[in-house]
Amino acid sequence: MTLDVHIQITDRDGIRHDVQAPTDMALNLMEVVRLFELAPEGTIGVCGGMAMCASCQCYIHSDHQLTEKLEDEDAMLSEAFNVKPTSRLGCQIQINPELEGLQIELAPED
Amino acid sequence: MITTDILIIGAGPTGLFTVFEAGLLKLKCHLIDALPQPGGQCSEIYPKKPIYDIPAYPEILAGDLTDKLLEQSKQFEPGFTLGERAETIEKQSDGSFVVTTNKGTQHKATVVAIAGGLGSFEPRKPAIEHLQSFEDKGVAYIIKDPEVYRNKKVVIAGGGDSALDWAIFLSDVASEVTLIHRRNEFRGALDSVDKVQELKDKGLIKLITPAEVTAVFGETKLESIEVVKLGESAVRIQTDAFIPLFGLSPKLGPIADWGLEIEKNAIKVNNALDYQTNIPGVFAIGDVNTYPGKLKLILCGFHEATLMCQAAYKIINPGKRYVLKYTTVSGIDGFDGSRKEAPKAVVKSIE
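The listed protein sequences correspond, in order, to chains U and C.
The letter at position 75 of the first sequence is residue 74 when you use numbering that gives the first Met the number 0, and the numbering goes up by one with no holes.
The letter at position 275 of the second sequence is residue 274 when you use numbering that gives the first Met the number 0, and the numbering goes up by one with no holes.
Careful: at least some of the hints might be erroneous.
Unchecked claim - Pairs of lysine-lysine residues, derived as BS3-like cross-links and limited to a Cα-Cα distance of at most 27 Å, are as follows:
#1 Lys90/C - Lys27/C
#2 Lys124/C - Lys47/C
#3 Lys68/U - Lys48/C
#4 Lys250/C - Lys83/U
#5 Lys68/U - Lys124/C
#6 Lys124/C - Lys83/U
#7 Lys68/U - Lys228/C
#8 Lys267/C - Lys295/C
#9 Lys151/C - Lys205/C
#10 Lys83/U - Lys228/C
#11 Lys68/U - Lys267/C
To be verified - Which stretches of chain U does chain C cover? Using the computed rule of at least three CB atoms under 8 Å from a CB of chain C, they are:
#12 38-44
#13 48-54
#14 76-86
Hints listed in this document are in silico derivations from the structure and should not be mistaken for laboratory results.
We put the beta carbon where it would ideally sit given N, CA and C, even for glycine.
If we strip away everything but chain C, and leave its shape as in the complex, we get:
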């Protein structure tokens, strides 16, 4: 069981900044995110796109913002459970919460802060009959451990970065890699496209375009797929694995069943005070919450996180008073033993 003060669900910009604000109050944080890396939408959807409304940054790339937030919170040693989705929440008799992920990882915390954005990113599944019955029997939508494809025949479908990158990576691992896309053009980083071209010319990747996978077959596990190339008749391809990579779409998911008040796919909170939900001890901050006048902006998430941490402090330290301290005056003491402080003023007389 992982124990922490504040359990943050969602490692996007709001969740990451919460670690910093909580750290100033000597509260420890742990984050859960369904994606394999922190940053939320900023790293998953648009890492290379600029953002213009982060205070003091006239322009910053979404990926760079993630890096800077990680750097800023590093000294407060956040824990991460990545690639797992928060599934259930249980209130304990001592007032704390236990949150369990879809993989069974358990987290115990006094305060839960949901910073889940639009929800957890779930793979978009193509509409192929019987596809779901082969899930984990040859069909996968996310590659967690490439080793399972060693010396296997693999078919990847998709035209974006992940399809290209995995085709390149697996060409070195699998016995055969086939990449299928609806068009001849790919939507990915130029060097990935060039690399796939090179591997195709060497015969290390089989490319079928413009084409679509139309059926899957097998007895107890996936054995073959049917591919239709534009203007040609269907062909069957023997394969051990079929990996459709058609991107991810956010779903509020299991959080919707936690007994929280939901309005327009967002969690209602008390914005007059502390962004607490209808369940005391459970807060919702950033894009996932709603209240009169709500704006889904990163900078609003930062503000909400800061006020939420004050309320969390009072719950975790009942009866204790708090006086606001400025980082410039007090410096920052990291949980890793580091200290940052403003240089002392020089006092020297002038003769």
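In isolation and in its complexed conformation, chain U is listed as follows:
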């Protein structure tokens, strides 16, 4: 049996969504947002998930231990707008059972 994790996603209009993200589809957080259509097509995951744009930037509100940022993500975030200390690129965060209860907010579109 595979496990879904509960993730709370606040969209760009400030609306909160509680979604159940599957952990067995090798999804990342950007793809979960697209799966549930929480941001219009073409405004998220523009580069496809290569950490080469910042369209999937989000703020992490819960204190989950996430995987460390790799150089690509760090460099991309240094060029993005509206960056906060809690900023991450959704495409670089893989969904796994440890993310149960994760709370995130999508950064504004620039």
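Starting from the known structure of chain U, fit chain C onto it as the hints suggest.
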């Protein structure tokens, strides 16, 4: 006025392959793209990244795919209007269309194929107050003609390849080049980073990191900017030009106002037949379109382009019948007079 059979908006992989398929049907193509080079996302965002799902290529770099598509369509002599964005479309009384770009270049064609991907790439503009009022008065987001910076003081902001490459190039043209980035590390090709280091050591590029431009000043044109270096107080720098290079993001743009049916930032098309939009004679192919079951894959764009060309043929040659020909059998006659064909079989008796 540029005239052609099929006007293709977007010179990405789908647009480029359209030139080949149209050429087989003796239809001539012209492409418009907002970017200064063909290839779309493949050349602008990820030229050095591999793609694994192009049929017959177990692995191909996005930049190489662009080169091969250009090579494949070369004999059909496509025209290009690059660095300009398709702005308006007007239907003519003879049924053709005139598409005008933001620079005023006019194109007349019987068929329009929108292969615009996610839209045209627009520069991402940093949120600095009054920045927009200095656009074309010292502030630019894209460098078209480096000569305008000759013997001028230039400030570039950004940490990617374009910021590095232009800082290097302009160090030879401008009287003074200052490069400002939020971090000490740059995200670019290693040799560009090394070159900037070398020019900095020679005093030819002034580097301010980690820092950010926070304000712009001037009377009728840009005169100075304010820079805040991390942990220090703001300083003013006199400059003639400020060029923020923070990458590009795609916007559907003026096409959204062409009267096309739009759904989820994509153009609705008839996928049962020919990928025509709600405007007869205007087609949408590749990532820019949507229909039930749509997948945004390059290989799907190739298929859509091929079927679209058949419909274009019927519009351009009304009443004419068409019989499918295989390139292996018929060969390819380029518009440049070239001919490619399979070698003739050798018939020889065995004694």
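How the hints compare with the structure:
For the suggested pair Lys90/C and Lys27/C, the alpha carbons sit about 20 Å apart, so the restraint of at most 27 Å is met. With a CA separation close to 25 Å, the supplied pair Lys124/C and Lys47/C stays within the 27 Å bound. About 20 Å separates the Cα atoms of Lys68/U and Lys48/C, which keeps this hinted pair within 27 Å; it holds. Distance restraint check for Lys250/C and Lys83/U: the Cα-Cα separation of roughly 25 Å lies within the 27 Å cut-off, and the hinted pair is therefore satisfied.
Taking the CA atoms of Lys68/U and Lys124/C, the gap is near 25 Å; set against the 27 Å cutoff, the hint holds. About 18 Å separates the Cα atoms of Lys124/C and Lys83/U, which keeps this hinted pair within 27 Å; it holds. For the proposed pair Lys68/U and Lys228/C, the alpha carbon gap of about 24 Å is at most 27 Å, so the pair holds. A C-alpha spacing of about 14 Å is found between Lys267/C and Lys295/C, which places the hinted pair at or below 27 Å, so the restraint holds.
In summary, the hint linking Lys151/C to Lys205/C is supported, as the alpha carbons are separated by about 14 Å, within the 27 Å threshold. Restraint check for Lys83/U and Lys228/C: satisfied, since their Cα atoms lie roughly 18 Å apart, inside the 27 Å limit. Under the criterion of a C-alpha separation no larger than 27 Å, the hint pairing Lys68/U with Lys267/C is inconsistent with the structure, at around 38 Å. With a threshold of 8 Å between beta carbons, the proposed coverage of the region 38-44 of chain U by chain C holds, since 4 of its residues qualify and at least three are required.
Judged by the Cβ-Cβ criterion of 8 Å, the region 48-54 of chain U is covered by chain C as claimed, because 4 of its residues qualify and three suffice. Check on the region 76-86 of chain U: 3 of its residues sit with their Cβ under 8 Å from a Cβ of chain C, so the three-residue criterion for coverage holds.
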